[in-house]
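Peer 1: Those protein sequence lines, which keep their order, are chains A and B. The first sequence lines up with residues 0 to 262 when you count with numbering that gives the first Met the number 0. The second sequence lines up with residues 0 to 454 when you count with numbering that gives the first Met the number 0.
Hints are computed from structural coordinates only; laboratory data are not their basis. Treat the hints loosely; a few may be bogus.
[Claimed, not checked] A few chain B positions that, by computed beta-carbon distances, are all more than 10 Å from chain A:
| no. | residue |
| --- | --- |
| 1 | Lys14 |
| 2 | Thr21 |
| 3 | Asp136 |
| 4 | Asn247 |
| 5 | Asn302 |
| 6 | Tyr360 |
| 7 | His389 |
| 8 | Arg442 |
| 9 | Lys443 |
[To be verified] Here are the computed lysine-lysine pairs in the DSBU-like style, where the Cα-Cα straight-line distance is at most 35 Å:
| no. | chain 1 | residue 1 | chain 2 | residue 2 |
| --- | --- | --- | --- | --- |
| 10 | A | Lys27 | A | Lys230 |
| 11 | A | Lys7 | A | Lys230 |
| 12 | B | Lys366 | B | Lys182 |
| 13 | B | Lys443 | A | Lys134 |
| 14 | B | Lys341 | A | Lys111 |
| 15 | A | Lys111 | B | Lys182 |
| 16 | A | Lys172 | A | Lys111 |
| 17 | B | Lys366 | A | Lys111 |
| 18 | A | Lys230 | A | Lys172 |
| 19 | A | Lys254 | A | Lys134 |
Heads up, the beta-carbon is just placed ideally off N, CA and C, and yes, glycines get one too.
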Amino acid sequence: MSNELIIKNLHISVQGNEIIKGLDITVKPGEVHALMGPNGCGKSTLANGLMGHPSYEIDSGEVIFNDVDVLELEPNERAKLGLFLAFQYPTAIPGVSMANFLRSAVSAVRAKETNGSENIELIPMREFRVELREKMAQLGMDDSFARRYLNDGFSGGEKKRAEILQMAMLEPKIAILDETDSGLDIDAVRIVGESVSSLVGPELGVLIITHYPRLLDYIRPQYVHILMDGKIVESGGWELAQLLEAEGYDPIREKHGIAETTE
Amino acid sequence: MDRKGGELQKGDFSKDYLEHITRDEPQWMRDKRLEAYSLYESLPMPHTTDDDQWRRTVDMRTQDYWRRTRRHLRGFAVENYHPAVATNGSTSLEVDDGDGVIIQIDGKTQHTYLSPELEQKDIYFADMHTAIKERGDLIRDYFMTKAVTLETTLKSGNIATRNTFDALHGAFWQGGYVLHVPKGVRIEDPLRVYIQLSEDQHADLSHVLLIAEEDSQVVILEDNASANPDAGGLHCGAVEIFAGQNANVTYGQVQHWNRQVWNFASQQSVIAKDAQLCWVTATFGARLSKLNQSIVLEGTGSNAQLLGLAFTDARQHLDVSTAQEHLSPHTSSDLLYRNVLKDRSQTAWGGNIYVYPDANYTDAYQKNDNLLLSERAHADTLPGLEIEAHEVRCTHGATAGQIDAEQVFYLMSRGLPYDLAERLIVDGFFEPVIERIPMETVRKEMDEFISLKLA
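Using the sequences provided together with the hints, build the complete structure.
Peer 2: Written as structure tokens, this is what we have:
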């Protein structure tokens, strides 16, 4: 199947330290995977590495999506291919309105040509506005959101909802959610969880990276993987998340002889 | 004097030339020119290490930078430029007359228009030479007497007391214009002025005089451009703005000379009781630009907003000194200058807020931010405060930093190619300045100039 994300024996390092030490996952359309693990196990390194952050070095391994070698591509080309990362800590861009940014981003991702900004034609304003309003209404977001500067002065919950709005507008084929539930109160987790859940469908593959199972109450994964010390140590179904909820990470650590990471 | 085809040749900033340009002028103007000329003769060209006012034009911390700038100035000599006399402007600019327009090319006025409606309200809008003939008394009262003067009354040490280029300007000024708006009269839509250099090695020494009488409103937008992208030139100009009691003045200057032009300018505004000034300065051009800009909040309750944006590239060097002087109580000023630097370009900004002993309840702000798009670009920023009153609120701040890699990555991860990501970040950086510009035309034009810089 073409719209699969295949990660094979991936090794990623940051400033010379190997963080991801040989990781394999395949995410198919319609599947929801949860990648769980304690703090410092390499979850965000994986997310940033997959999206092409320049500070994360891919030492070896393969990431294939749609038969294309993702690791050869610039971050924007990965986005155009259908990869989306909802950031744990979205960056603020003062002075750039959400609407203006999204219009450029959506136009870039939908442009026919794969390369060069000169090939990007902006979607007509009216058309874009209609679409944005619709998506915002669907996610229960106020219209004023569109006029605010991107992530600038947003609360934690607003940042995460803004990420989900971007996901809704960009319509990716694979969405990676990096700690989308972190730093949120119960209500905010519910809102974000329900928003993501409304976007899940047979065309979309989802990789939820989290260390709490809270978000998974709203988006039930078929597959659960446990990441420790840069490797997947256990894979299973929903029962694995339930086990974690009940017993925490310690029994798994003991079983695999992994020392607790201190930060 | 060596003349050819109506154009003056090298070495023409001479006494002979002065006599030539002042031959039809009234005695008072001739006297002003001669006074300025004797000062010009007595002052050396500025020295970039010994002269306080020029020290920031170079950065002593990096030898390389210092050498380069010194080379800039060594290669520059006033004598190499022809004063722009009445050549027949080779370019005729196609612009709408709107409510009023003046077009000057190489110092020669090509076109002047003021709508009948505004003429009926006794608004006076004319090139400076015509104005001296028609409104001599008015001009005599204001021309380099109260704002840009040879002996400045400013307290801020960062602005030259005796500036060679001010003296050059005072002696040899040509071109420029006057806008006089009588008491209670309001201009709603911006009048436009286009000042251009077209011929190689020509000099524009235009003098601008804006006089807004009590309760009037003035909106004017001036554009300084090179008609020829390769023609070297010199601009040595002055701008004087007078906001009368309770007047509201908006003045915008967009400078986009080509990268061969040397730009020197002194600009000052004097603001009376309860008057308001919004002053927009956008800089894209010139090889080296040295701009002195000051506001004097003379009357109680007066207010000024100084908005600056600049985008430099290649080896451009932009040096701006600003002064916000508060003479009276309950005055406020707010300065925001934002620069984007590309390639090996350099900016220096030195600002000073000066609060006189009587000027209690002053609110004064200044902020200069620099966004560097290249590791070889360099920004110097030096805010300053001198406060003699007791009850004041003053803040100042300055930042300079490379474009944020996290911001670039974030935008690229959403599908934007690098250049579009950079563009959005630059737009966002300028936005706090642009959103405060009260003229829609300016906001639109900024967009185009920023595109040209990033192309």
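Peer 1: All the hints need checking, so say for each whether the structure fits it.
Peer 2: Against the structure, the hints:
no.: 1; hint: Lys14; in the structure: holds, 52 Å
no.: 2; hint: Thr21; in the structure: holds, 49 Å
no.: 3; hint: Asp136; in the structure: holds, 48 Å
no.: 4; hint: Asn247; in the structure: holds, 27 Å
no.: 5; hint: Asn302; in the structure: holds, 25 Å
no.: 6; hint: Tyr360; in the structure: holds, 30 Å
no.: 7; hint: His389; in the structure: holds, 35 Å
no.: 8; hint: Arg442; in the structure: holds, 13 Å
no.: 9; hint: Lys443; in the structure: holds, 15 Å
no.: 10; hint: A:Lys27 x A:Lys230; in the structure: holds, 20 Å
no.: 11; hint: A:Lys7 x A:Lys230; in the structure: holds, 12 Å
no.: 12; hint: B:Lys366 x B:Lys182; in the structure: holds, 34 Å
no.: 13; hint: B:Lys443 x A:Lys134; in the structure: holds, 30 Å
no.: 14; hint: B:Lys341 x A:Lys111; in the structure: holds, 31 Å
no.: 15; hint: A:Lys111 x B:Lys182; in the structure: violated, 59 Å
no.: 16; hint: A:Lys172 x A:Lys111; in the structure: holds, 17 Å
no.: 17; hint: B:Lys366 x A:Lys111; in the structure: violated, 43 Å
no.: 18; hint: A:Lys230 x A:Lys172; in the structure: holds, 25 Å
no.: 19; hint: A:Lys254 x A:Lys134; in the structure: violated, 45 Å
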